[in-house]
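Protein chains in written order, with my numbering: chain A, 1 to 371; chain B, 1 to 371.
Incorrect hints may appear among the rest.
[Stated by the list, open to error] Listed below are several chain A residues computed to face chain B (Cβ distance under 10 Å; list not exhaustive):
{"#": "1", "residue": "F101"}
{"#": "2", "residue": "V103"}
{"#": "3", "residue": "P104"}
{"#": "4", "residue": "R258"}
Note that these hints are calculated values from the structure, not bench results. Even glycine gets a Cβ: it sits at the ideal position worked out from N, Cα and C.
Number of protein chains: 2
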Amino acid sequence: MDMETGNRSGAVADPVGLIIRQKDPNNLEMPFDQLGDFITPSELFYIRSHFPTPKLDPVACRLSIRGAVHRELRLSYAEIRAMPARTCVATLECAGNGRVFMVPPAPGAQWELGAVGNAEWTGVSLAMLLERAGLADDVCELVLEGADRGVPKEEPKPPGTISYARSISRARAMQDDVLIAWQMNGQDLTPDHGYPMRAIVPGHYGMASVKWLTDIVASTQPFHGYWQTSDYGYWDDSSGVPVRRPLAEMKLKSQIARPRVYETLQPGRPYTIFGAAWAGDTDATEIWISLDGGESWVQGDFLDPINRHAWRRWKYDWITPAKPGRYTLLARATGADQRVQPDRHDPNFGSYVIDHPLPIEVFVAALSQPG
Amino acid sequence: MDMETGNRSGAVADPVGLIIRQKDPNNLEMPFDQLGDFITPSELFYIRSHFPTPKLDPVACRLSIRGAVHRELRLSYAEIRAMPARTCVATLECAGNGRVFMVPPAPGAQWELGAVGNAEWTGVSLAMLLERAGLADDVCELVLEGADRGVPKEEPKPPGTISYARSISRARAMQDDVLIAWQMNGQDLTPDHGYPMRAIVPGHYGMASVKWLTDIVASTQPFHGYWQTSDYGYWDDSSGVPVRRPLAEMKLKSQIARPRVYETLQPGRPYTIFGAAWAGDTDATEIWISLDGGESWVQGDFLDPINRHAWRRWKYDWITPAKPGRYTLLARATGADQRVQPDRHDPNFGSYVIDHPLPIEVFVAALSQPG
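Make a model of the complete structure from these sequences and hints.
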């Protein structure tokens, strides 16, 4: 499907590069106004790296499956690629996507809307590998470790250099949609996206889909590594006493791709507002748009069917106001579980999970004004 | 002139909104790959604000000219607009433009390439107002003060809330191209750009062109306000002992607008590299492009004549390599004074004056790869 929505000719014709949010390591954002097809071209897919990109030799490197297993495995890239492959479409969103909308500003990469993308991933099912290795009965988590290494920044932090590592529960790991992927959109992974192999954990924030994957460790204890506790964690105060927990499933969220912030629109004209909605633990079933900063809401239409863990693009055919001025647009999704996006950011998530409707301020020009 | 350069259809057809670098106060960047005409449309012009946008009543507000003058003036917006007007084209660049390229990262708004623009400004000559007021003989600087107020962030900082203020030398102020402007590109200033009145100091970094201008104070002493010393200052060590000085004229600089960082290009095809070059205290007279990360340089062509204080767009007609892979493009201007942009950033400027050639990394696709 070739989308031409949002009244901007040529906008989706070609991948047009990324926005730098941090130069080194590479943290690059999709210009989200370039949203087009259901599948995000790999060239437009955001890049979120904690450390410099490791250069892995696909011949020499091994994927090690170890820990509380009956048979340790050390698999070459060629062996992995020779196994039966699965393909799935999954939306990955950085847990900090939308951070630049936080007031007051929060430290960290100042992502706007483009630290999210929807790609087709091909690889071997993690569950199949774990079955070959044979998990001990008391394994509760699988720790995924990448070849990217460095010194974390935020306190509390361990001393010295560590590898990027995240865990997922045994239950999640044993679902066959969790992949050890080697392809993205039908092409081998690029170095920025985890070449030669990465994890894909559909429905989880991107931090779980560990790039440059080298080790999978079966653990009989919950993993409390840096990116599970200090970073990518939140305070759960549902029991009264706040306890630290790792982020996991993406919250229900929707975003406006077009118009872009501060775009100037012509008055009294048809304009198709265009965006996407997604969730990790439910499906987006309704999309509501506000044209007046949240005073009132109108319903938009989805362009894609429900496909668990993939986003749904949506549109709303607007007639722009005749009155010139500044207008604040919002989008808010409803989930299959009847929950809606919250009105505001939950501070228990720190500078993560920015899942409230994000204001897109646009201008409607005066009729006489050149456009 | 309508430019279609960089092989991207539609790229310059319409202003397409801004990139958020900081949400509140508004710090919004032009997507620099949208560079098109010589004049930057107002809708695409970057917004750099230190504090929330003041709402000024154009009927009630006054521009006060005071300090060491023979006749204090208090002028209404209507009086200013009724005076003989001048129009000039001037490039404004934020002194922190390019900061996201700094390694390691520097605090502050993470501008990429788009905190620069070239507009036509209309207003009254500051020199004319100063002649009416009559400067005392011993006046050395004019302090320009805006209505925007707040608490500065960086140390050393004064206690409490202060107004944004910058000074320029008497000599610069008396040149008739320094404007008290009320129009940008033939339209009244928008609130974000300083409505109802702002200073325009052609050739200086944007920090001198004080928005929401309310006060001009003739001073017999050099001004040592926060934005003259703590912020927007640098260490001048030319005499051996470093001394703190305010930033002033923009350094010679050039930027690549297209391709954008991480854009994917087709192999062995014509591609017009497109950009702009400018300077505050000289004119850009040559533009050199490197297609191999600085190993070798080829000369590009200017598209605009020399027009002091306005940028010159340039192009280079490239045949992309046949060999797929990652390529680093650079641009480097030479000035009328025969000086060239430096190879690296001068740390005496802190996180300002990022005037070395900034690397634009692009990919050349394999022939078989869909585009």
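Tested hints:
For A/F101, the suggested interface contact is upheld, since its CB lies about 5 Å from the closest CB of chain B, less than 10 Å. Below 10 Å, beta-carbon pairs count as interface contacts, and A/V103 has one with chain B at about 5 Å; its hint therefore holds. At a threshold of 10 Å, the smallest CB-CB gap from A/P104 to chain B is about 8 Å, leaving the interface hint in force. Residue-level restraint check for A/R258 holds (minimum Cβ-Cβ distance to chain B is 9 Å; threshold 10 Å).
In the structure shown, no violation is registered for any of the earlier numbered hints.
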